[in-house]
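Could you put the whole structure together from the sequences, leaning on the hints where they help?
What follows is the residue order along each chain.
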Amino acid sequence: MQKLLLLGDEAIAQGALDGGMSGIYAYPGTPSTEITEYVQGSKFATEKNIHSQWSANEKTAMESALGMSYAGKRSMVCMKHVGLNVAADAFVNSSITGVNGGLIIVSADDPSMHSSQNEQDSRFYANFAMIPVLEPSNQQEAYEMAYYGFELSEKFKLPVMIRITTRLAHSRAGVETLELKKQNEVSLPSNLRQFVLLPAIARKNYKTLLANQAGIEEASEQSKYNKYIDGSDKKIGVITTGIAYNYLMENFQDKELNNPVIKICQYPIPRNMVMKMVEECDKILVIEEGAPIIEESLKGYQEAGTPIVGRLDGTLPRDGELNPNLVAKALGHETILDGTIPELVKNRPPSMCVGCGHIDAYEALNLAIADYGVGRVFADIGCYTLGALPPYNAINSCVDMGASITMAKGAADAGLVPSVAVIGDSTFTHSGMTGLIDCVYEKSPVTIIISDNFTTGMTGGQDSKALGKIEDICRGIGVEPDHIRVLKPLKKNMDEMVQIMKEELAYNGVSVIIPRRQCVQTMKNKKLAQQLINLNLK
Amino acid sequence: MKTDIILAGVGGQGILSIAATIGMAALHNDLHLKQAEVHGMSQRGGAVQSNMRISDKEIASDLIPMGAADIILSVEPMESLRYLPFLKKGGWLVTNTTPFINIPDYPEAEEIMAEIKKQKNFIAIDADKIASELGSKRSSNIVMLGAASPFFEMSFESFEEGIRQIFGRKGEDIVNTNLKALRAGREFAEKNR
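Chains as they are written, first to last, in our numbering: chain A, 1 to 538; chain B, 539 to 731.
Derived from the structure by calculation, the hints contain no laboratory data. Please note that the accuracy of each hint is not assured.
Computed cross-link-like contacts, DSSO-like style, restricted to lysine-lysine with a CA-CA straight-line distance of at most 30 Å [said to hold, decoys possible]: (1) Lys526/A / Lys675/B; (2) Lys299/A / Lys227/A; (3) Lys329/A / Lys540/B; (4) Lys729/B / Lys540/B; (5) Lys155/A / Lys3/A; (6) Lys48/A / Lys708/B; (7) Lys346/A / Lys656/B; (8) Lys181/A / Lys43/A; (9) Lys524/A / Lys675/B; (10) Lys204/A / Lys155/A.
Now the structure itself:
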């Protein structure tokens, strides 16, 4: 047994490696990125040939992980919560196919939207797909759940979700490791039609999934990660999920806790445990990080019975991340909720780096588009989203990966001509290419700026699948070669950039402009430097 | 024993190297540790903080409650004030005085110093200057750690051990430079507390 100091993300990766994983699949997304990066950096993983390359997007990652499971090996797929929307088709159907080798889906939620567009709760998805969820309350559990999750998955022949939130993903603590398990050998599913979701087979598989529910609920009742901690004061019982348990306990470091507490870290909800508390206590306080899922389901049972309080009645805030002070208030303890910060302290929002190529691209675009007026630039997810802030004020939308191109198309269809899309290289190969096909098919009057910095920048400079391929992809999709224009975004090239952008804005069809310059954050990346030389991009 | 520290700064200033050194020092003492960091968007020049908790008992929350931090350790003066609600009564505010100005409405240096001086317990140190004098501008974060070190319930030797662990790979010279930086910060704090 070894003790390591690990982020929650890293603990999951180490747990999966020790638990016999043969491959990990992912697209970078805060706060999930470090799981895959840890495997990429692991000497052990390299020696054992464990797959860890990035995927083009979360859907391709999910499908590849399912394929590895089909072939009998243990696989993991990781994403941020909104990535699960991208992977949803494959994800939901993976509960109908079931698995062969153990399959774990890690979804990292971001309550309070530290780095995201929404704070959706992945437990809804797992509930929808009817699969077990493991929600660690600390780094040790994160490690163990990845390790144990493969067994759980193979026992029920179902994919298993590990749900974490930003706080655990990016918090470090000591973790004790378990004995290394061997990887599975390649083996075909015993029924070679298990994964063929023809309606007749899907209906049969779905009945199996329904029949499995009693078993996975019983596993939750018996799980060592779910605990009923009895207490003599039955006036109020407390139900916590995941890391919310820590915020409860933080308030009893120097006080006695006499109320019954249920700590839930494995789902489906252990119904017997919860019903025992509902029957014994006068009132239930539900503390869950994320959406009020348990609270809502209890209210359903208990409309006229035991009062249930939590996020829905205002005892806890309906949105945002929990913390020890919010929980103290919910418990009726004296606490501070918002202390005063001296007035002179100004906001310091994130901004594009000094010397960033996106900045020059936006300055050129702002000049080129001035004659047409504001309000026609649809952007995407990445560092260039920061172009929304002063002094650039350059963009008017940021919705989801790839939405720049298709929203520009829709706006152009409505008569807003020209419409402009701004998208990064990695986001383009994640979800932009299919939208470009729609534009080309209809010869839509859109100007698409693919701001190419050779990397996935916002998440820390991971590989970009678009490297060296953007012009070929655009030509292959059918963009006219004369309307694919490459620029070097530098101050000294400003006049030329503005001129080219003006020409393409005036063109009544699909144009692709590629401002191309290396991300300043990746200048020390030796592997990338060599790739750029090989591709003649430097 | 228990020490709760808020580490503060601006994305890119490298507060995580301070955190890593404290982490090593804590491990050297067989202490429990939880350290919550900020990754992602804020790392691009935004306000960043890290909640670091060290204890000889098991630690519950990854986040420090408001009004409970023993130390705010900030590598930037305005950022030191952003987390004041987290500082407990009698806690120490330890801050670098060299500003990092990347916003148009950054306040005047004197106004910031006046706010810092309202604190009962504070150390305001020009860590960049001290580090430059030692010949290594990049060690200013370690000067800051040295300046905060008297307010931890951990021996100075454990911080030195942390430095050796973290910088050992980079060679003896780097280790020695950082050890000097650590001592210089410590001496300043001892004289000015």
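Structure-inconsistent hints, enumerated in ascending order: Checked against the structure, no hint fails, so every one of them is satisfied.
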